[in-house]
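Asks: One-letter residues, chain by chain:
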Amino acid sequence: MALRDIAIVGTAQRPSEVNSTFTSVEILLPVIQQLLDKVGIERSDIGFWCHGSCDYMSGQPFSFVSAVDAIGAWPPIVESHVEADGALALYEAWVKIQTGEVDVALVFSNGKTTSGPIDQILSLQTDPYMVAPLKPGFDALAALQARACLDAGVVTERQMAEVASRSRRDANNNAIAFTKGNESVEELLAMPYTMNPLRAHDCATPVDGCNAVVLAAGDIARRLATRPAWIRGIDHRIDTQRLGARSMTESSSAAIAAQKAGVGKDRIDVAELHAPYTHQELLLRKAMGLSESTHINPSGGALVANPAMAAGLARFAEAAESIFAGSADRVLAHCTSGPMLQQNLVCVMEGE
Amino acid sequence: MAELCAVVGVGQTKHAACRADVSIAGLVREAVDRALADANITIADVDAIVIGKAPDSLEGVAMPELWLADALAAHGKPVFRVHTAGSVGGSTAIVAAQHVMAGIHGTVLTIGFEKQSDGNAMWALSVPIPFGMPVHAGAGGYFSPIVRGYIARSGAPKHIGAMVAVKDRTNACKNPYAHLHEPDWTLEKALETPMLWDPIRFIETCPSSDGAMALVLMSEERADKHAGRKAWVHATSMRSEPTAFAGREQVSPVAGEMCAADLWRKGGIKNPAEEIDVVEMYVPFAWFEPMWLENLGFAPRNEGWRWVEDGITEMGGSLPVNPSGGVLSSNPIGASGMLRFGEAAMQVMGKAGEHQIDGAKKAIGHAYGGGSQFFAMWLVSSTKP
Chain A
0 MALRDIAIVG TAQRPSEVNS TFTSVEILLP VIQQLLDKVG IERSDIGFWC
50 HGSCDYMSGQ PFSFVSAVDA IGAWPPIVES HVEADGALAL YEAWVKIQTG
100 EVDVALVFSN GKTTSGPIDQ ILSLQTDPYM VAPLKPGFDA LAALQARACL
150 DAGVVTERQM AEVASRSRRD ANNNAIAFTK GNESVEELLA MPYTMNPLRA
200 HDCATPVDGC NAVVLAAGDI ARRLATRPAW IRGIDHRIDT QRLGARSMTE
250 SSSAAIAAQK AGVGKDRIDV AELHAPYTHQ ELLLRKAMGL SESTHINPSG
300 GALVANPAMA AGLARFAEAA ESIFAGSADR VLAHCTSGPM LQQNLVCVME
350 GE
Chain B
0 MAELCAVVGV GQTKHAACRA DVSIAGLVRE AVDRALADAN ITIADVDAIV
50 IGKAPDSLEG VAMPELWLAD ALAAHGKPVF RVHTAGSVGG STAIVAAQHV
100 MAGIHGTVLT IGFEKQSDGN AMWALSVPIP FGMPVHAGAG GYFSPIVRGY
150 IARSGAPKHI GAMVAVKDRT NACKNPYAHL HEPDWTLEKA LETPMLWDPI
200 RFIETCPSSD GAMALVLMSE ERADKHAGRK AWVHATSMRS EPTAFAGREQ
250 VSPVAGEMCA ADLWRKGGIK NPAEEIDVVE MYVPFAWFEP MWLENLGFAP
300 RNEGWRWVED GITEMGGSLP VNPSGGVLSS NPIGASGMLR FGEAAMQVMG
350 KAGEHQIDGA KKAIGHAYGG GSQFFAMWLV SSTKP
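Listed in order, the protein sequences are those of chains A and B.
Here numbering that gives the first Met the number 0 is used: the first sequence runs in plain steps of one and ends on residue 351.
Here numbering that gives the first Met the number 0 is used: the second sequence runs in plain steps of one and ends on residue 384.
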């Protein structure tokens, strides 16, 4: 069966903040309204809604339920939720539109990352019998991976600092970003380790944030956007999580997803990679076969603003905006989930 | 135009209050291995996995599908997680079916599970939310005023809930996988059980279970080449509405009515009560059987309780509801919706064993969640649409 042409036709993001005192409904409502206004559609034009968030970050079961208030689910709507980043919600919406049941979908995600100890919360994703009781910490797991990569000569500390320096400089041009800076590579390398071999700038900045995008099929997309960001390939894959059971110096799931999404078929102008640690960007670039000519994370990426469960969808929003603006013709958006790049979703989008 | 999708394998665990003999991964794998054996394929034949469960706080593992990838031999494959409250087992099966209907994958394994003995479901669901409506003591505390509303509106006699409970617990004795096997219930004994949340009695309440359900779904191209009985997915539907607003109809929510109407339209069903042979309905509290009979368009408004009283929903009745014993006999929350969807498939595949309804051709699976606000349904048949 031939796949339908589906595109992102609009995006909206809330500027990053920390220790937000707003509820998820309060932060989502204005973003969704802003997006509908931008695209020029009404709630009733949306055939399917899909939400990404994580109960553990809110510390309550069914924390996503109140979000149906933010999207105005009356009269009743067709809606679903993933316990994952909003990028996975976008994947579900893409599948839904592919069935032909609906033509327009709104995808949104939110993460109040700073309302709890995110490092410990995310490490509750590990094996509950053998690993989680040790409270490994998400940063510590990433540090283990970075150490393995350094020892194997896959990355260098200088390359990691280069990623951080570039990301912090690019963040100066992004209103959504939280961490900004103009430090040189040498200045960053002179900083102390926070979790050897990681320095503070090697780790993503946890922020509270939310975002939303509208997907539309075929001529509807052409009507709603001057230059839609057409999804040419999208795929996600997972690796084993078991520590020691997979190579920490490569990402095979990212490589498979990139190959299935058709990354290597042509030049990629802009790649928005969801890499919460500097060495992970280097691993992802290698796994996906991205060349030097690709501009990586012009937004500054997750390093400068990482609203957990929304940072992947933010990559889609940033990549699509570069198509809308005409500054890129073929872009890549990526989302990772789980410790040490366990799960990876890759999407290639093009302008017409 | 969507492709066709068929269920070619169904597998579930033995449900119990505490499956201390298996880990979470072992519980999931028990259902998966049975579904794969039923489909006569191996896990290597699976293209993608779609997995659902209710709140992660019930077991204390955040996004457990990540950790479970190993147990599911999913390395290098897509694993997709759905979470839509109590309806999740149903919506997970629907999302899985859509992967096939969209033409993206040819063989999809879908799983719903919950290992409630690892935590305390009632209190895990009763966390006070600042500025939110309190759920009080578990789901029963939330739903009892709605049941009272139904009784007041319909004039149903007080014993209807107990009748449903006795029927489901009796049916469960024919289902080897059901959590509760209690053959000796009578209406008199049922009416003597303690009142938990007036008017909901002890027997009218679902248990807290460990359990999992897995289904193997295939595209038409693969299913046609596949030996064995199939359940063809004729229609799926989902609807959601907010938990609370002034004037909200909570006894028969509009989202539920719309979900059913959409299912009947897509499936070409004109008269559900005549055309549907078996119903696997999400009834965690017994009174929801008559309430959903009305909400889904089977019985006229305020008449659902008469269908219960007349035995229409018994296994030998004209519209058997929950021959498996239903949620009232096994409730691993994250699996409960998929158990309904899978049991509906088993009926039209002729694989339901002792609780088989003879000659079942069309069956529905139904699930709901949240404050009666999330609905998921599918219509399956022994023949292609």
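The hints are simulated quantities; they were obtained by calculation from the structure and are not laboratory data.
Where hints are given, some of them may not hold.
[To be verified] For lysine to any residue, the following SDA-like pairs were computed, each having C-alpha atoms within a straight-line distance of at most 20 Å:
#1 A:K259 with B:K188
#2 B:K265 with A:G99
#3 A:K259 with B:A43
#4 B:K265 with A:E100
#5 A:K259 with B:G105
#6 B:K188 with B:H158
Asks: Give a verdict on every hint.
Replies: Hints and how they fare:
{"no.": "1", "hint": "A:K259 with B:K188", "in the structure": "violated, 61 Å"}
{"no.": "2", "hint": "B:K265 with A:G99", "in the structure": "holds, 13 Å"}
{"no.": "3", "hint": "A:K259 with B:A43", "in the structure": "holds, 18 Å"}
{"no.": "4", "hint": "B:K265 with A:E100", "in the structure": "holds, 10 Å"}
{"no.": "5", "hint": "A:K259 with B:G105", "in the structure": "holds, 16 Å"}
{"no.": "6", "hint": "B:K188 with B:H158", "in the structure": "holds, 11 Å"}
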